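What follows is the residue order along each chain.
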Amino acid sequence: MKGYIVLSTGDIFEGELFGDQRGCSGELVFNTGMTGYQEVLTDPSYAGQIVTFTYPLIGNYGVNMLDDESIRPVCTGLVVGNLCQTPSHYQSNNTLSEIAEQYGLSGIAGVDTRAITHIIREHGLVFGKITTDPSELVPTKPATGQVAAVSTKTKTKHSGEGPHIVMFDFGYKKSILTALLDKGCAVTVVPYNTNFKEVAELNPDGIMLTNGPGDPKEMLPHLPELKKIIEAYPTFAICLGHQIVALAYGADTDRLPYGHRGSNHPVKNLKTGKVYMTSQNHGYMVKESSINTKYLEVSYINVNDKSVEGLTHRYLPISTVQFHPEAHPGPSDTDPLFTEFIQQCQAIGEKNYA
Amino acid sequence: MPKFEHIKKILVIGSGPIIIGQAAEFDYAGAQACLALKEEGIEVVLVNNNPATIMTDEEVADKIYMEPLTVASLEAIIAKERPDGILPTLGGQTGLNLAVELADAGIIERYNVRLLGTPLDTIKKGEDREEFKRMMIEIGEPVPESKTVNTVQEALDFAEEIDYPVIVRPAYTLGGYGGGIAGDAAELQEVAKRGIAASPIEQILIERSVKGWKEIEYEVMRDSNDTCIIVCNMENLDPVGVHTGDSIVVAPSQTLTDRQYQMLRSVSTKVIRALGVVGGCNIQIALDPYSEQYYLIEVNPRVSRSSALASKATGYPIARISAKLAIGYHLDEVVNPITGYTYASFEPAIDYIVTKIPRWPFDKFPQANRSLGTQMKATGEVMSLDRNFEASLLKGIRSLEIGVHHLQLELNLTDEELAEGIVEATDTRIFLVAEAMRRGMTVEQIHAKTEIDPFFLYSIEKIVQIEKQLASYSWATVPEELLKEAKLRGFADVTLKEMYQISLDDVRNRWKQLGWAPSYKLVDTCAAEFVAATPYYYSTWQGRDEVKVSEGKKKVLVLGSGPIRIGQGIEFDYCSVHAAKSLKRLGIEAVVINNNPETVSTDFNTADQLYFEPLALEDVLNVVEKEQVDGVMVQFGGQTAVNLADPLSQMGVQIYGTSVSSIDMVEDRDLFYQLLKKLDIPHIPGISVNSEQEAINAAVKLEYPVLVRPSYVIGGRGMVVLNNTEELVSYLQETTFSFPLLVDKYISGMEVEVDAICDGEQVLVPGIFQHVERAGVHSGDSMAIFPAPSLNELQKATITRYTEDIAREIKAKGLINIQLVIAGERIYVLEVNPRASRTVPIISKITGVPMVELAVKAQLGQKLESTGLLADIPFFAVKGPVFSTVKLSGVDPALGPEMKSTGEVIGLSYQIQTALGKALHWKEGICQPLETGDALFISLSDGAKEEMKGKLSALSGLKILATPGTAAYLQQHGLAVEAVLTKAAQVKEWHQTTEIKAILNTPTVGNKQGRFGFELRQVAVQLNIPCFTSLDTFQSYLQVKAGNVSDPLDLNVYLQQKERVQI
Ligand SMILES: Nc1ncnc2c1ncn2[C@@H]1O[C@H](COP(=O)(O)OP(=O)(O)O)[C@@H](O)[C@H]1O
Ligand SMILES: Nc1ncnc2c1ncn2[C@@H]1O[C@H](COP(=O)(O)OP(=O)(O)O)[C@@H](O)[C@H]1O
Ligand SMILES: [Mg+2]
Ligand SMILES: [Mg+2]
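Chains A and B are the protein sequences, given in the same order.
Each position in the first sequence, counted from 1, maps to that position plus 1235 in the working numbering.
Each position in the second sequence, counted from 1, maps to that position plus 220 in the working numbering.
Just so you know, these hints were derived from the structure itself, not from any lab.
Given the structure is predicted, the values throughout are model-derived calculations rather than measurements.
In this text, a Cβ means the ideal position worked out from N, Cα and C, and glycines have one as well.
There's no promise every hint is true.
Stated by the list, open to error - Interface residues of chain B toward chain A, partial, derived using beta-carbon atoms under 8 Å:
hint, residue
1, Asp404
2, Asp446
3, Ile449
4, Leu476
5, Arg479
6, Tyr481
7, Arg485
8, Gly548
9, Leu551
10, Ile573
11, Asn608
12, Phe609
13, Pro674
14, Ala747
15, Arg764
What the hints assert, rightly or not - The following label-pair restraints were derived from C-beta to C-beta distances:
hint, chain 1, residue 1, chain 2, residue 2, range
16, A, Ala1467, B, Tyr561, 38 to 44 Å
17, B, Asn1272, A, Asp1246, 23 to 29 Å
18, B, Asn1272, A, Thr1244, 54 to 60 Å
19, B, Gly496, A, Glu1453, 46 to 52 Å
20, A, Ile1583, B, Glu259, 40 to 46 Å
21, A, Thr1528, B, Lys704, 57 to 63 Å
22, A, Gly1339, B, Tyr693, 37 to 43 Å
23, B, Ser511, A, Glu1453, 20 to 26 Å
24, B, Glu422, A, Asp1570, 46 to 52 Å
25, A, Arg1549, B, Tyr561, 52 to 58 Å
26, A, Gly1395, B, Asp508, 49 to 55 Å
27, A, Asp1246, B, Glu701, 18 to 24 Å
Model the full structure from these sequences, guided by the hints.
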């Protein structure tokens, strides 16, 4: 069916609707990855957002059983250039539009996604509405409470021989869990608002703060509790987790002009001078000027815009990264960070026993 | 890390002449890299004997040595220049091999030159397949098991070990001739036997076959800080089994999941790290379509054809950045000039689909074997971009200039033949596939036969479906949505024109009424994430136009020359680039259209506005309308551009330079002869004939020998010289051309060639090229000497006068190229080309006359300052043709009126002989001069025997082998003959024991397969023995004395000399 994506800037693009024909609205963001649409649309960090793919052919290799980042699509809507209805891949079980229908995800195809990217680049915060009626107004209120919405309500334990990691689910990507399990960890996934006592009862060797959707400042009420927890155990934090740690130590966060979303972002390790290609998906960043250098130091920066990409605590075994070492989508150059974290947990674990 | 401070002077080795597998991409990469070094304040010394390149232009390097690419000459240059570093990774295989030879000869060490970029052992590991495989096994990466064997039994035993299917690759055969794939022992029996027989050294490589797997390429960059990035990956539409250079290639990959993309990405970075490459590297991988299993096929640890393609496909200048890395910079320290914001450590994100399609020389070589395999056969390629694959593919097809503008060829094949035809990869398979779909074959069936991924087949099916829908309407009834869809998917206006039997105007007017026009979008390396500083453009019918065009400024469109092909090579890119630069210098905005990804003209900073588009009428018109250019320059883009002059002007576009009617005057044969009559300049007597009998009569009337050619072109394809009625008749029976044909008197005489610049009245002739071979050998294939050594003043004056008369008569503005033949007292004009020519870059370089710039000014109405024939330069330049016959089985290397060479070299010296020597022995192992006692094989036609009389003394002291007739003749004239050979095979045997230094074989009737001569020449090519088919070339070869090398001089030295002489 013919439909439209209407932008809060007043621009209107015509296209073909797919998936849930009732449409949707939300913040409009773009992802520059040339592969990985399945991982993107199941990445909980996109909750409340309509994702535009800058790569114009989407759906070429279908949708498979392996590459979901959560049990179902999480983003609100999809905007694509050319939707491939005849995918070709030995692992493919469905076309993208079948999946969209199945899960009530609204999408629009046949749109000039480059033009939309252009608009987002120029305006920064842009909202969009996928609809059959171009005259409808576009709601321009950012979605809130996304973390609460996507986070698990219950604890789930995954056994393993290695250190026991308690993973705070702010909207985690399955690949973070997989990365830990593959390296032998035992992992307990807990709700985002689990308190110190509950964590202690699980007596973890380490804490993982995951990625998640929305403005990190929505987490302010939970910071004191979280700070207690991360200061008690070796901690590794990714994306939203990284921002939360920064906030916990008094730093400030801010919106990026139009986010980093893609698989090609170079970051530099300030200690070694080495540069890594990373997968990123964030609309907010930690303000460098606001970092309390008494406690935190910057470990990684973005090569292009020099923004903060990682932090380490000066005295405590806490390290954070803004990017996604778990990849999926994107390069796995920084996968060794998980191993470092795990070794840290083991080392300290041993100390405690000694 | 900042750059190495101690490196002040760098020697760069170029790749030499254009051959199949090593084309213009090295001019592009080399020029870009040299400039990148110069801007760092480094003195660049360049060695490259390809005179047609931008790389050998004065502004590109501080010192340019157009000297042979031999160890001897390189050592001399190094001794003289004492560079701090040497950069070999820009010169393709030629540059790398030379670097390795220099190192092995201890020269790099002796002069303590530092080898920059990728270390030497890495280069060896990369280029030497055995070493590469050993290393991959060490680091635990899979490579197809392989073994070189000399007997069928060994082959069978090894195949048992690794299991079938296996691929057989014979050593040193033409175009991979004699190779094949065997599915079982029985088949291997056959293939191995054939392969061993085909190989001159009776050796074959047996390797596990992964034919049919996905062939994926990654372009990787690595710096000395061990940072690795992927510039882009590419997927071959033709699965493994067809050389990547002969495959249709798309970027980025279309059928890989992110998991697979990242898996192969990690493999690529692992390999390049293990190799220790510093700079760019190309990695080819075979991926099983039905599992995650893969094999590494090869790496090229240097810039390559693929890296040029990747650079143009993404906007990431690989060569430039490799050069920066070679002098110590890190990727995160080098800014990408396209964005002016991101650093070289940012992986390009592209938001369009790139399609590369090869351009093959089979139109020139009907006899050649058209099947595509593991040996590359294409001479060039086109690149096209759009927002969907169908459009990208169709635009690519349109760019090929093979007389089609859609996925449709005139084929008269039965369904059976068609079904058979698509099994083997050939230059036309993609068209057969489309035709098969038209006839109802399903994607599944075609996939089963071709192993082409269904993704691509579905796209072709979509194109065919749109055709069918369009066909179900008339132009009046066809609905807008459908037309929109057709344009969106890349259908050409011409396709619609033909489909509905209407005019192009009808089509274009309808777009205008509907307010439709293509949009233009940016190639910016970042999918619009950042603002771009120097992007270039492609058209699409989907979405908004982003390209701001400047106003108020004068604007000129320069048409490029499209893909490199025989007869239209890199020289026209040289001219296009200079045209664009001259315009810029004149403060005029230079807009360029071209579709050749290998060239400098499509580099991001050559033009003010670069459009990566087909050079088809409609696409050019669209850009003309978009940019609102004042006019178009068609002289620099070869015949491609000239042919657009007429249709463009009919559409009301202003054409600069020589008028369309004047172009007609020299290209239409009748008008041309009238012109010459009027100016009373002798022209070749010729008769147009419509039947065999007429032809015979004409030939008798004109007297043999005659030259026969199809009438619709002056020159061009299908020309032969025929000596008697028998030859004429057999030619008429074989020829693919239909009547009317032209029978010309064959004028045997000295051929000369002139390039001139004219401002409409005054004419400047920088000099005259004299061919070594008499007329009858295509100007592109003959050796040529500048200035003409054996012309007397009268002849020079006459040639100049003819040139001036013709130029004035047609009011030529800009460049004009004239070929003449001198027979006794008379000087005939053979042909006039109202455009730039192969010799323009050479003459510009060796005379210092900026011919293209003057031509641009003339076209803009400026008058020439100096005119007439310029004084001779005080040194000699010899142009030598270079052939790629070794890559093309079935092609006869014998020289004739049809051009066959793919490239050219130049030799400079104050002595003719030395200059000749440099042009002949232009590279290690090629055409060494004869020394006393060397073995020589001779087989002469009767005519040749006559001529050789009196010149035979030159052969004394040589060990002579000959065919019976020739032997008898030589003995008569008192020459000892070592042995008489009657079979080509015997030549092989002899060569094994006593090296045969050269072969002289004058063909009786050229291009006849099965004859002794033909086989002999094939053997010569196989064994890389220089084979002379013209006595004239052979004579000059005899003049070249071994050891007679002048010390290498940089071009400026020659030119300064010249000025001194003039004063
Ligand atoms: N084991 C193999 N089985 C089938 N085809 C192969 C195999 N190895 C190489 N090829 C094909 O041959 C082509 C040329 O081989 P390659 O090793 O890349 O040589 P080159 O140096 O000429 O590029 C490849 O592009 C691939 O399509
Ligand atoms: N009548 C002729 N007599 C002798 N040689 C000829 C004659 N016509 C053409 N040739 C030879 O054929 C070559 C190609 O012919 P030309 O007309 O220049 O075709 P092209 O357009 O391909 O350059 C010339 O360079 C010349 O050597
Ligand atoms: Mg290869
Ligand atoms: Mg000619």
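Here's how the hints hold up against the structure:
{"no.": "1", "hint": "Asp404", "verdict": "26 Å, violated"}
{"no.": "2", "hint": "Asp446", "verdict": "7 Å, holds"}
{"no.": "3", "hint": "Ile449", "verdict": "6 Å, holds"}
{"no.": "4", "hint": "Leu476", "verdict": "6 Å, holds"}
{"no.": "5", "hint": "Arg479", "verdict": "6 Å, holds"}
{"no.": "6", "hint": "Tyr481", "verdict": "5 Å, holds"}
{"no.": "7", "hint": "Arg485", "verdict": "6 Å, holds"}
{"no.": "8", "hint": "Gly548", "verdict": "14 Å, violated"}
{"no.": "9", "hint": "Leu551", "verdict": "6 Å, holds"}
{"no.": "10", "hint": "Ile573", "verdict": "7 Å, holds"}
{"no.": "11", "hint": "Asn608", "verdict": "5 Å, holds"}
{"no.": "12", "hint": "Phe609", "verdict": "7 Å, holds"}
{"no.": "13", "hint": "Pro674", "verdict": "4 Å, holds"}
{"no.": "14", "hint": "Ala747", "verdict": "4 Å, holds"}
{"no.": "15", "hint": "Arg764", "verdict": "4 Å, holds"}
{"no.": "16", "hint": "Ala1467(A) x Tyr561(B): 38 to 44 Å", "verdict": "43 Å, holds"}
{"no.": "17", "hint": "Asn1272(B) x Asp1246(A): 23 to 29 Å", "verdict": "57 Å, violated"}
{"no.": "18", "hint": "Asn1272(B) x Thr1244(A): 54 to 60 Å", "verdict": "58 Å, holds"}
{"no.": "19", "hint": "Gly496(B) x Glu1453(A): 46 to 52 Å", "verdict": "48 Å, holds"}
{"no.": "20", "hint": "Ile1583(A) x Glu259(B): 40 to 46 Å", "verdict": "52 Å, violated"}
{"no.": "21", "hint": "Thr1528(A) x Lys704(B): 57 to 63 Å", "verdict": "59 Å, holds"}
{"no.": "22", "hint": "Gly1339(A) x Tyr693(B): 37 to 43 Å", "verdict": "38 Å, holds"}
{"no.": "23", "hint": "Ser511(B) x Glu1453(A): 20 to 26 Å", "verdict": "45 Å, violated"}
{"no.": "24", "hint": "Glu422(B) x Asp1570(A): 46 to 52 Å", "verdict": "50 Å, holds"}
{"no.": "25", "hint": "Arg1549(A) x Tyr561(B): 52 to 58 Å", "verdict": "33 Å, violated"}
{"no.": "26", "hint": "Gly1395(A) x Asp508(B): 49 to 55 Å", "verdict": "32 Å, violated"}
{"no.": "27", "hint": "Asp1246(A) x Glu701(B): 18 to 24 Å", "verdict": "22 Å, holds"}
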